Amino acid sequence: MYINLLLLFALLSFPPALFGNEELPDLESNLSDFVREVKKIEVPGYPHAFNPSIIRWKGKILLSFRYLPDLKNKFLSCIGLMFVDENFESAGDPYILPLKLSSGSFPSRAEDGRLLYVGEKLMLVYSDCKDVKVSRGGFRVYITELLHNGSQFEIGPEICLNEYPQNDPSRREKNWVPFDYNGELMLSYSITPHTVFHNNCRAGRCDFISTSNKAVDWSWGELRGGTPGLLLDDNRYLSFFHSWIDMPSVHSQAKVSSHYFMGAYTYAADPPFDLLECSPEPIVGTGFYHGESYTPYWKPVVAIFPCGFLMDSNFVWVVYGRQDHEMWVVKLDKKPLLDSLKTVN
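When you line the sequence shown up against mature numbering (1 follows the signal peptide of the UniProt record, and there is no 0), it's residues -19 to -1, 1 to 326, in that order.
Quick caveat, the hints were computed from the structure, so don't treat them as lab data.
Since the model is a prediction, treat every value here as computed from it, not as a measurement.
Any given hint might turn out to be false.
In silico lysine-lysine, DSS-like type, Cα no more than 30 Å apart, as pairs [claimed, not checked]: (1) 39 x 81; (2) 155 x 39; (3) 20 x 53; (4) 280 x 312; (5) 102 x 236; (6) 102 x 53; (7) 155 x 20; (8) 53 x 155; (9) 53 x 315; (10) 315 x 41; (11) 315 x 20; (12) 236 x 21.
With beta-carbon atoms standing in for the labels, derived distance ranges [what the hints assert, rightly or not]: (13) 40 x 296: 13 to 23 Å; (14) 71 x 296: 14 to 24 Å; (15) 128 x 67: 39 to 49 Å; (16) 324 x 26: 41 to 51 Å; (17) 141 x 101: 15 to 25 Å; (18) 115 x 214: 13 to 23 Å; (19) 251 x 70: 31 to 41 Å; (20) 237 x 271: 14 to 24 Å; (21) 324 x 130: 42 to 52 Å; (22) 117 x 52: 19 to 29 Å; (23) 57 x 182: 19 to 29 Å; (24) 76 x 195: 36 to 46 Å.
Cβ coordinates follow ideal geometry from the N, Cα and C atoms, glycine included.
All chains should be modelled from the sequences, with the hints used to inform the complete structure.
So this is what it looks like as structure tokens:
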């Protein structure tokens, strides 16, 4: 970790003009050996869809995605759904969910949905802005049940999680990590410390459950929520996080930009849900960072952003957004992935 911190300090201490391309870091120079393959996911009719989540539903695979209908208006944001087959190809017509909050007086600003089951209920957890005039403090985490009408999904009541410990009216809330615990909705408010709330899926109040603070050896920024947590075995949940740091690289053409990273972590299957293991370094596959670049809609980024995963006994498939304009899936060998995690003390 000391060496990594020195490298980061050096990168941030020198102006980008001092770096030749050969000296700038290439984030794909150290590929993870448990990455099997990566594949781009296309959503017909919705170019630039990004930040997908995924879940199995009645023998099918359901994918959610984020879509900006007007790239010049960054606060107009929708969440859509589409079935995909086992090869992550479209298996049904995509459509946009009518998420407009209860007033319906302004367009959707829904961001970065996560799909999960809470008991038998299929739930969507996402961020949206409750204020007519967009503000940081207006963004809160919402939940809604997805109900299938025979042809497509409809939404239940949109519940704003607006009553919880540490509520700061000026803070933008997003990326809480949802997971099912014995049929109840739990949400990790933060990963370090691992602070967990409970919500009953009927009202906006979240009750404090537990917090645990363990030192995580990770040199690429604060651990932030990514995918829902899924029960790995009798003792652990598995989830994937994102983090970011500002740095120059070959991917940012030597400009200091926010570079996003992905890692995995496990936590205990019972309260206080202690962190158990964490990736020692970013998970990287071919094409994570090299590829098409786009005009940023909010700020320059070099970004991957995981929001969901599937797994079986041998493999894990993580779906992620790339550059806020693309959707991809990465297939991981499960045992080598888990073996790569380091114990958190």
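Structure-based check of each hint:
1. 39 x 81: It holds: about 27 Å lies between the C-alpha atoms, which stays within 30 Å.
2. 155 x 39: holds, 29 Å
3. 20 x 53: Holds, at about 28 Å.
4. 280 x 312: holds, 29 Å
5. 102 x 236: violated, 45 Å
6. 102 x 53: Outside the cut-off at roughly 36 Å; violated.
7. 155 x 20: holds, 27 Å
8. 53 x 155: holds, 22 Å
9. 53 x 315: violated, 40 Å
10. 315 x 41: holds, 22 Å
11. 315 x 20: holds, 18 Å
12. 236 x 21: holds, 26 Å
13. 40 x 296: 13 to 23 Å: holds, 18 Å
14. 71 x 296: 14 to 24 Å: Between residue 71 and residue 296, where Cβ atoms are some 21 Å apart, the hint holds.
15. 128 x 67: 39 to 49 Å: violated, 25 Å
16. 324 x 26: 41 to 51 Å: 46 Å Cβ-Cβ, so the 41 to 51 Å window holds.
17. 141 x 101: 15 to 25 Å: holds, 23 Å
18. 115 x 214: 13 to 23 Å: Hint violated: Cβ distance 43 Å, outside 13 to 23 Å.
19. 251 x 70: 31 to 41 Å: Once the Cβ atoms are compared, 39 Å apart, the range 31 to 41 Å for residue 70 and residue 251 holds.
20. 237 x 271: 14 to 24 Å: holds, 19 Å
21. 324 x 130: 42 to 52 Å: Once the Cβ atoms are compared, 47 Å apart, the range 42 to 52 Å for residue 130 and residue 324 holds.
22. 117 x 52: 19 to 29 Å: holds, 21 Å
23. 57 x 182: 19 to 29 Å: holds, 28 Å
24. 76 x 195: 36 to 46 Å: holds, 42 Å
Figure legend: structure checked against the earlier numbered hints; hints not met, in rising order: 5, 6, 9, 15, 18.
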